[in-house]
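Student: So the chains spell out like this:
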Amino acid sequence: MAPALKRFAAPEEVMKVRQSLEGRLDGNRPRLAICGDTGCTVCGADGLAAAVKEVMERKDPAGRLELKVTGCLGFCEQAPVVLVFPGAYFYRKVKAADAEEIVEKALLQEGPVARLLYTDPSSGKKIACAGEIPFYRHQERVLLDANWHVNPLDIYDYLARGGYAALLKVLGGMSPGEVLGEMKEARLRGRGGAGFYTWLKWELCRTRAGSKKYVICNADEGDPGAFMDRSLLEGNPHAVLEGMLIAGYAIGAVEGIVYLRTEYPTAVAKLDQAVRQARELGFLGEDILGSGFAFDISIVRGAGAFVCGEETALIRAAEGKVGEPRQKPPFPAESGYRGRPTVINNVETFANVPLIVNRGAVAYRAAGTENSGGTKIFCLVGKVNNSGLVEVPFGTPLRKIVFDIGGGIKGGKRFKAVQTGGPSGGCLPEEKLDLRVDFEDLAGAGSIMGSGGMIVMDEDTCVVDVTRYFLNFLKDESCGKCFSCRVGVDRMLEIVGGITEGAGSEEDLALLEELALVVKDTSMCGLGQTAANPVLSTLRYFRSEYLAHVREKRCPAKVCRALFRYRVDEDLCSGCGFCARECSAGAIGEGPDGLYLIDPAVCNRCGVCVEACASDAITKE
Amino acid sequence: MVEMTLNGLMVKVEEGTTILEAAAFYGVNIPTLCYLEGLSPYGACRLCVVEIGEPGSAKVATSCTHRVEDGLVVRTHSARVMKARRMLIELYLASCPSSKIIQDMASNHHVTRVRFKQRHEDCILCGLCVRMCAEQMQGKAIGFAWRGSERKVTTPFDKKSDACRLCGGCMYVCPACRSRCQGPQAEQAVCNACLNLPQTDRNYLFFDNAVCEAMEPPGGAPKKMTNRGA
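Going down the list, the sequences are from chains A and B.
Position 144 of the first sequence, counted from 1, bears residue number 144 in my numbering, the numbering being contiguous throughout.
Counting the second sequence from 1 gives a position; my numbering is that position plus 1000.
No lab work stands behind these hints: they were computed from the structure.
A hint or two may mislead.
[Said to hold, decoys possible] Some chain A residues near chain B, calculated using beta-carbon distances under 10 Å:
hint, residue
1, L107
2, L108
3, P330
4, R340
5, K481
6, F483
7, S484
8, E507
9, D508
10, L511
11, L515
C-beta: ideal position from N, C-alpha, C; glycine also.
Construct the complete structure from the given sequences, taking the supplied hints into account.
Tutor: Following this line, the structure appears as structure tokens:
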């Protein structure tokens, strides 16, 4: 049982409690970690946890085995996943019915349940230990490691892992200047997308006059397919709070705000619990651990606008105004929340801060590149075998992420493109796979680091259609304040939409490129400035596909509905008529020879007939 | 006083002024749609963008919101800026062809065609009316609603507002409300009627080519400024 929450008045008390917690998260202590993250919950982790609990109550009244519902364990493709210690056995696609066997084996310490283990697709062998699975083996999980062990609702778990040690170190004898020096030495860069040096941002804010300063944590993660920040907040929220505390100390702020999107209800609940626990234990509030340093954190819930991830818009939204950006300068470090100097950093940036203080900048920097220290979390999604949460050092080649960690393309298809950086990132082709993921290298290739979304596309993806999709997203999410973003994105979508409908011309491509460059150059905030990236990068790397659309009125990937049609292969058609029955448009009729025909003029290319056909006779052409 | 470089000239400017104001003081005309003296700068029309910084690493920013600083290097009519402005004007023409101000601007910048599908949205959401109402008339009767391409100026909940005194200040400042002169090509999307004036008559209208060229940094972008009739 966790000791009752008692406010720590001095660092020694923390050390004492930490000693009493020693061994709590020891790898040899029998315990089960069930992933409680969204993917696993959707696949039945809730029911599984309840079943395991019930079995444990029955079979293990002495409580030798411990159950932890943790944050994201990473390998979402295999959801729901369970880790069993000791041994770090990795069970995949676990059902509630497996609970009995899992608990029995774990209690008897008889090794893993073989049928639940992961099978290496290359060798066909079962792999027991999570760390040996290629998906995990090729990663360097320094931030995400905590997700395997920590119960995010229990601050003592965090303390047992050495949590708040960085805060103690900072309060115990580091000057704000020294903290900044560490951040500089570590080459920590903002993980929100722009990659601004964190120390420089803090320095600008610290040296501003004014007694009231703010620290804001940007947790308005809105990119489709991205869940890095959520996984950190839901898996290990105290690391983020500790990072904010250290930032507050370094710049001389007394107030911190986490701007968290309402669409993350679990993260809101977990972070709220974490803030309350930290406050009760005296890590937040007045006179923290007797040092005289005061700092408190409040949570502001976002109202659901993508653009509020932009710092000036976020600040306005946090102030209770309409979430619209304003032209910089002045930067938030000069005039931010309520006109005061404000440091605003991403969740992942703050989570790195305690790590740097604990390990020291030089050790931290050992991972990463010359300009960017440490690791970066990516959300690997799309047509890849192993989708999930991936942490690698800066400088890791894209190929390693997509093929070694991601396990290549689903269904043995060909790789076409990987889109980095969310909706306003660029699509990179196969020849760019050896690119190192780094702020500069990605920008040079016409994409962005963004906050770390990584969407893999296979040969069945039409890049023009993908561009249309992202432009459509950005059109909806543009705040509409500045003309070049509001109208520019809308017009780009008009042109790209026309191309996918077969109405495009080569002049359209030239106009599209000209417009995209102007939108990039003249938009007010990051949303508009990067909105052209999907257009410019696909025009750069996949121009031949655009040309096929405009010249030959042909969609090479057969995705754009106006540019392909379904046809029944007479040699394969069995004449069963399932297709005609399923067709909602009434486009399929029986021909004179008892075989079926599709009328392309009526067909709406929904593809239901393909699903319905038992003899695979319906093809695209 | 602050010392900065404006189109290659060292100039002294009073601290606290914006680049737009400084440029106007020195006789450099930067086009705007959402700027009006007496109202707070808003930075939405993007026409007043200028290049800031040394060529090669220069950034583009709106001059109406950017305050002057010591050592600032500004180019108000560089090739990059003019290209952006022409594209923006073309976009304005494509959605609000009825405005005389926009049509004049098009002639002024020699924008002679619209390559986008013609729309007639009229309101360009410059926000002058909203700021006029709030800042000069102390009315705060109108504001922006919705987001992105659905954004519009309206009263709260689209209902008749008690705060509105029907003063008409909003219409007075609206650049889209001032309809076109009935020139010889009044019914066309791009009027450009002024371009047909004799050379002597339209000299005052156009920014001089030579001036544009002089503003290009040495060794910078190619000197191909065609803001005058080809």
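Student: For each hint, tell me whether it holds in the structure or not.
Tutor: How the hints compare with the structure:
1. L107: violated (56 Å)
2. L108: violated (59 Å)
3. P330: Hint on P330(A): holds, closest Cβ of chain B at ~8 Å, below 10 Å.
4. R340: Since chain B brings no Cβ nearer than about 18 Å to R340(A), farther than 10 Å, the hint is violated.
5. K481: holds (6 Å)
6. F483: Result: holds, 5 Å to nearest chain B Cβ.
7. S484: holds (5 Å)
8. E507: Holds. Min distance 7 Å.
9. D508: holds (9 Å)
10. L511: Because about 5 Å separates L511(A) from the closest Cβ in chain B, which is inside the 10 Å limit, the hint holds.
11. L515: holds (6 Å)
Hint check: violations occur at hints 1, 2 and 4; the rest are consistent with the structure.
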